[in-house]
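Sequence lines, in order, name chains U and D. Numbering-wise, the first sequence is residues 1 to 315 according to my numbering. Numbering-wise, the second sequence is residues 1001 to 1292 according to my numbering.
Don't read these hints as lab results, they were simulated from the structure. Don't take every hint at face value.
To be verified - Straight line, CA to CA, 20 Å or less: simulated SDA-like cross-link-like pairs of lysine to any residue:
#	chain 1	residue 1	chain 2	residue 2
1	D	Lys1092	U	Lys312
2	D	Lys1092	U	Ile293
3	D	Lys1092	U	Pro299
4	U	Lys300	U	Ala14
5	U	Lys300	D	Phe1131
6	U	Lys312	U	Ala14
7	U	Lys300	D	Tyr1096
8	D	Lys1146	D	Val1258
9	U	Lys300	D	Glu1013
10	D	Lys1092	D	Glu1013
11	U	Lys300	D	Pro1126
12	U	Lys300	D	Ala1178
13	D	Lys1146	D	Pro1126
14	U	Lys312	U	Ala178
15	U	Lys312	U	Arg181
16	D	Lys1146	D	Gln1217
17	U	Lys312	U	Val111
18	D	Lys1092	U	Leu289
19	U	Lys300	D	Arg1134
20	U	Lys300	U	Gly310
21	D	Lys1146	D	Thr1165
22	D	Lys1146	D	Leu1011
23	U	Lys300	D	Leu1077
24	D	Lys1092	U	Ala290
25	U	Lys300	D	Pro1098
26	D	Lys1146	D	Leu1171
27	D	Lys1146	D	Phe1131
28	D	Lys1146	D	Glu1013
29	D	Lys1092	U	Val111
30	U	Lys300	D	Ala1100
31	U	Lys312	U	Asp6
32	D	Lys1146	D	Ala1069
To be verified - Okay, the calculated bits of chain D under chain U, using three or more residues with CB under 8 Å as the criterion:
#	stretch
33	1043-1050
34	1076-1087
35	1093-1106
36	1228-1237
Unchecked claim - Sample of chain D residues lacking proximity to chain U, with all beta carbon distances greater than 12 Å (derived):
#	residue
37	Gly1004
38	Arg1036
39	Ala1070
40	Asp1123
The C-beta atom is built at its ideal place from N, Cα and C for all residues, glycine as well.
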Amino acid sequence: MTRFLDRSLILHLAVIAALFAAQYLLPSYHHTNIARIMVLAVFAMGYNIAFGYTGLLSLGHALFFAAGLYATGLGVEQWGLPTGIALIGGLAAGGAVAVATGLLALRTGGVSFMIVTLMFAQAGYLTILYFGAVTRGDEGFVISTAARSLGGLVLSDSTTRYFMALALFAVAMLAKLALVRSPTGRVLVALRENEERSRMLGFDPFRYKLLALGISGLYAGAAGAAYAVLFGYVGATFASIQYSILPLLYVLLGGAGTVLGPFLGALVMFYLIDISSGYTTAHLAVVGLALLILVLFAPKGILGALRERGLKWLP
Amino acid sequence: MEFGPFLLLALMEGMVMSAVLALTAVGLSLVFGVMRVVNVAHGEFFMLGAVAAWFVTQAVPGHPALGFAAALLLAPLFVGAVAALADGLILKRLNYDPEATIVATIGLSYIFQQAALSFYGPDARPVLAPFDLRLQLPWFGYSGYKIAVVIAAALILIGIWLFMTRSRAGLVMRATQADRDTARAFGINVDRVFATVFALGAAMAAMGAVLIVPIQQAHYLMGHDPLLLSFIVVIIGGLGSLRGTLVAALLIGLSDGVISVFFSPTLAKILATLFVALVLVFRPQGLFGGQR
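Model the full assembly from the supplied sequences, consistent with the hints where possible.
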């Protein structure tokens, strides 16, 4: 055990404090944006546990996000569950779907793993469309304001929403920091670096990968569940391949295998599109070019590059 | 309509789909086989082929057949050139690393979609069929053009097969597929082979698109389904095996036709995607691939 308050913990607490202060310092236009970025960052942090730390490049994380989104959305809208229970249901749904996917997909590796996850996610997306009578398909459904309250907190209110998103973000980030600094987290990194050697040291790769994917699914499910009640809309777009690519993009941009990378990536990408939309409507090209530039010139992302240039302690 | 004729109609629709799918998927399979690159932008090459066909047919006056013939020639050439450029500018610099190329081709696909949206627009637009012929069967009438599509696709595939097995360029490609390093040691310019294969694969997707565009309109998001189905076909057929790809295209096209007509197109795609995921998990060499 190193010092209780070491510099990486201070850095992460400082980021949370800065986001808390941002609510009072930034003009209100940015509040909704940053609340959304924080929820998407939770999704991307989960993606990073699988991709950045364990080396599992999934192209199907939209499935886990959508599992959380729909479990919570349908829970409060159609099955009349209390919001708190529906949120926990969304979290659990994300984890359960991820574990179920992992039990099959983790029997493969490399390119096959990407395609299997892509196919499962696509099957999930099409299933949502197929049961359009319940899910309302592409059009989606809006969650009534009455259902968007939790223990007296009105989640549709802009300020409450911001603080709820921040609370989720803070818990998710500190849990992730604890995970990657724990012995389990080191095993995950070892698996990414050299699976055979980890096996030789007595770690069962399948179990650890399944664990990583399951935790990753819990994060995605939590983000989906929070998205449903905070922003009040549930639709099939969130299950499409685009939402599997987004966390990959955020993680690559911010830095794979860094705790803060996904948030930084989400923040930069969101405002890149927001600012560029003032000049051009070509959003797709901005995303495409960002992916190309990253993979060609900066495969380690922003924080990955910083870590190489001196900040070695960055978790 | 009674069950028999209904099934016949479903199978005929399935054949048209199989034909176009076979062209598109053989292109994808060729690229994967020789280069070991999973090209996520393949569906966008299909879309670019359809959009290019629309531009060409608009530019050529006179009988629709003239414009269509020009499109069948020019659209694949254009798409092949774009692909060769992408290979030289991007994929080559990544040293064809599997994960990096997937991310890069995802990026490319967004850029192609945006290009089509910006220069072609959000509307779906039809291309006139080169001829208008209706085949009257005892139970229903059927478009003669759709039958021509099946024949044309078969001819193109035979051409590709002859090219791969009988020509020197095909031999060089197969040598590169079998062993890249030995091929290079024998003086084969592997970079040029890769650029050619990538262009050829993309051009095949474009040919499939030109054939289908009189039936299904050109739209900037139309590349999604062909990409997914080509993936399915290539995996079921065994990655990199051309013969397996053909058989799988027939299997998937026909079953898709039958399930779509009798149940729903969405259900057909759900079953196909789940099927392919399970094939990859339990029989990674594909249903028709041999043990490696």
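Hints versus structure:
1. Lys1092/D to Lys312/U: violated, 31 Å
2. Lys1092/D to Ile293/U: holds, 14 Å
3. Lys1092/D to Pro299/U: holds, 15 Å
4. Lys300/U to Ala14/U: violated, 24 Å
5. Lys300/U to Phe1131/D: violated, 54 Å
6. Lys312/U to Ala14/U: Satisfied, since the Cα-Cα distance of roughly 19 Å is no more than 20 Å.
7. Lys300/U to Tyr1096/D: holds, 17 Å
8. Lys1146/D to Val1258/D: holds, 17 Å
9. Lys300/U to Glu1013/D: Roughly 48 Å separates the two Cα atoms, so the pair is violated.
10. Lys1092/D to Glu1013/D: violated, 40 Å
11. Lys300/U to Pro1126/D: violated, 44 Å
12. Lys300/U to Ala1178/D: Violated: lysine 300/U and alanine 1178/D sit about 33 Å apart, past 20 Å.
13. Lys1146/D to Pro1126/D: holds, 15 Å
14. Lys312/U to Ala178/U: holds, 18 Å
15. Lys312/U to Arg181/U: Since the Cα atoms of lysine 312/U and arginine 181/U sit roughly 14 Å apart, the hinted pair holds (cutoff 20 Å).
16. Lys1146/D to Gln1217/D: holds, 14 Å
17. Lys312/U to Val111/U: violated, 30 Å
18. Lys1092/D to Leu289/U: holds, 17 Å
19. Lys300/U to Arg1134/D: violated, 58 Å
20. Lys300/U to Gly310/U: Between lysine 300/U and glycine 310/U the Cα gap is close to 14 Å, so the pair holds against 20 Å.
21. Lys1146/D to Thr1165/D: The hint is violated at about 29 Å.
22. Lys1146/D to Leu1011/D: holds, 12 Å
23. Lys300/U to Leu1077/D: The given pair, whose Cα atoms are some 36 Å apart, is violated under the 20 Å limit.
24. Lys1092/D to Ala290/U: Roughly 18 Å separates the two Cα atoms, so the pair holds.
25. Lys300/U to Pro1098/D: holds, 16 Å
26. Lys1146/D to Leu1171/D: violated, 34 Å
27. Lys1146/D to Phe1131/D: holds, 11 Å
28. Lys1146/D to Glu1013/D: OK: lysine 1146/D and glutamate 1013/D at ~8 Å, within 20 Å.
29. Lys1092/D to Val111/U: holds, 19 Å
30. Lys300/U to Ala1100/D: Cα-Cα ~12 Å, so holds.
31. Lys312/U to Asp6/U: holds, 14 Å
32. Lys1146/D to Ala1069/D: holds, 16 Å
33. 1043-1050: Not satisfied, violated; 0 residues make the cut.
34. 1076-1087: violated (count 0)
35. 1093-1106: Coverage by chain U holds for the stretch 1093-1106 of chain D (9 residues, Cβ < 8 Å).
36. 1228-1237: holds (count 4)
37. Gly1004: holds, 28 Å
38. Arg1036: violated, 9 Å
39. Ala1070: It holds; alanine 1070/D is separated from chain U by about 29 Å at its closest Cβ, greater than 12 Å.
40. Asp1123: Aspartate 1123/D is indeed farther than 12 Å from all Cβ atoms of chain U, at 16 Å.
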